[in-house]
Amino acid sequence: MILLQISAGQGPMECCKAVGLAFNMINKQCLDKGIKLDVVETITAKERECYKSVLLQLDSTPEDGARQVAISWQGAMLWVCQSQYRPKHKRKNWFFSGQMYDIDDSQLDNSVTFQTCRASGAGGQHVNTTDSAVRATHTATGMSVRVESERSQHANKRLAKAILLQKLEATKLATMTQQEKKRWQQHWQVERGDPVKTFKGEKFILSHERSVSKGAMI
30 MILLQISAGQ GPMECCKAVG LAFNMINKQC LDKGIKLDVV ETITAKEREC
80 YKSVLLQLDS TPEDGARQVA ISWQGAMLWV CQSQYRPKHK RKNWFFSGQM
130 YDIDDSQLDN SVTFQTCRAS GAGGQHVNTT DSAVRATHTA TGMSVRVESE
180 RSQHANKRLA KAILLQKLEA TKLATMTQQE KKRWQQHWQV ERGDPVKTFK
230 GEKFILSHER SVSKGAMI
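According to the working numbering, the sequence shown is numbered sequentially starting from 30.
Simulated from the structure, these hints should not be mistaken for laboratory data. Some hints here could point you the wrong way.
Under the rule of at most 27 Å between Cα atoms (straight-line distance), these lysine-lysine pairs were calculated in the BS3-like manner [to be verified]:
1) K186 - K196
2) K57 - K121
3) K57 - K229
4) K232 - K119
5) K229 - K62
6) K119 - K229
7) K232 - K117
8) K65 - K186
None of these values were measured; they are calculated from a predicted model.
Construct all of the structure, not just a fragment, from the sequences and the given hints.
Here's what the structure looks like:
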């Protein structure tokens with residue numbers, strides 16, 4: 030399973046806008062290459078087409094096509110543009126980041142349990158009368174996620190599994206030793222100084238792309 034997370038981190042709205050623009054570019058790139066792209070999870074910001082984070086699942090046959098696209102978006106990236114939200118603001122450099130998760134989900138099939146439940150509706154209205162919502166739980170850690178965004182139980186199960194696996198991978202960073210965290214932070218600071226991609230202007234034109242190792246992954 031190839032997952033790609035594009036994130037604005039703790040950045041301001043301009044960074045969230047960059048995530049939205051990157052999302053559109055990745056979607057077009059996948060269409061051009063015949064790669065299936067599914068939106069697993071989005072965390073929206075207040076402004077239109079702005080995201081704090083998007084989590085995407087890429088599928089292709091062979092899988093290498095999806096993997097290489099995801100790898101090309103991994104690392105710190107820079108958007109150079111005058112802010113449309115703060116026109117008088119002097120800052121023009123907006124950083125965001127990409128992280129690929131190359132997960133062998135077959136190894137985790139026996140450690141994830143699923144529970145179906147009835148989807149909820151706002152104010153009791155439009156309640157789904159079937160048990161289409163799904164809760165996925167990782168038995169070893171107790172971590173769980175609940176998904177009811179899709180109409181079918183099968184689709185919600187697939188999304189729940191993808192979100193759960195991504196969260197399990199992300200927790201590895203939180204459990205690093207202090208020494209490991211220090212090395213990671215130093216690496217990240219270097220990445221910010223040498224972004225893998227640089228985009229310019231409101232049209233989000235790619236002006237620079239640093240070659241990335243084909244074997245790169247988490």
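With a cut-off of 27 Å on the C-alpha distance, tell me whether K186 and K196 pass. 15 Å, holds
Would the hint linking K65 and K186 be met if the CA-CA limit is 27 Å? Distance of about 18 Å is within 27 Å: holds.
Given the proposed pairing of K57 with K229, does the C-alpha separation stay at or below 27 Å? With a Cα-Cα distance of about 18 Å, the restraint between K57 and K229 holds, given a limit of 27 Å.
Check whether the Cα positions of K232 and K119 lie no farther apart than 27 Å. Roughly 19 Å separates the two Cα atoms, so the pair holds.
Tell me if the straight-line CA distance from K119 to K229 falls inside 27 Å. 16 Å, holds
Would you mind confirming whether the straight-line C-alpha gap from K232 to K117 stays at or under 27 Å? 20 Å, holds
With the threshold set at 27 Å, check whether the alpha-carbon distance from K57 to K121 stays at or below it. Judged against 27 Å, a Cα distance of about 25 Å means the pair holds.
Is K229 close enough to K62, meaning Cα to Cα at most 27 Å? 24 Å, holds
Violation of the numbered hints given earlier is absent; every hint is satisfied by the structure.
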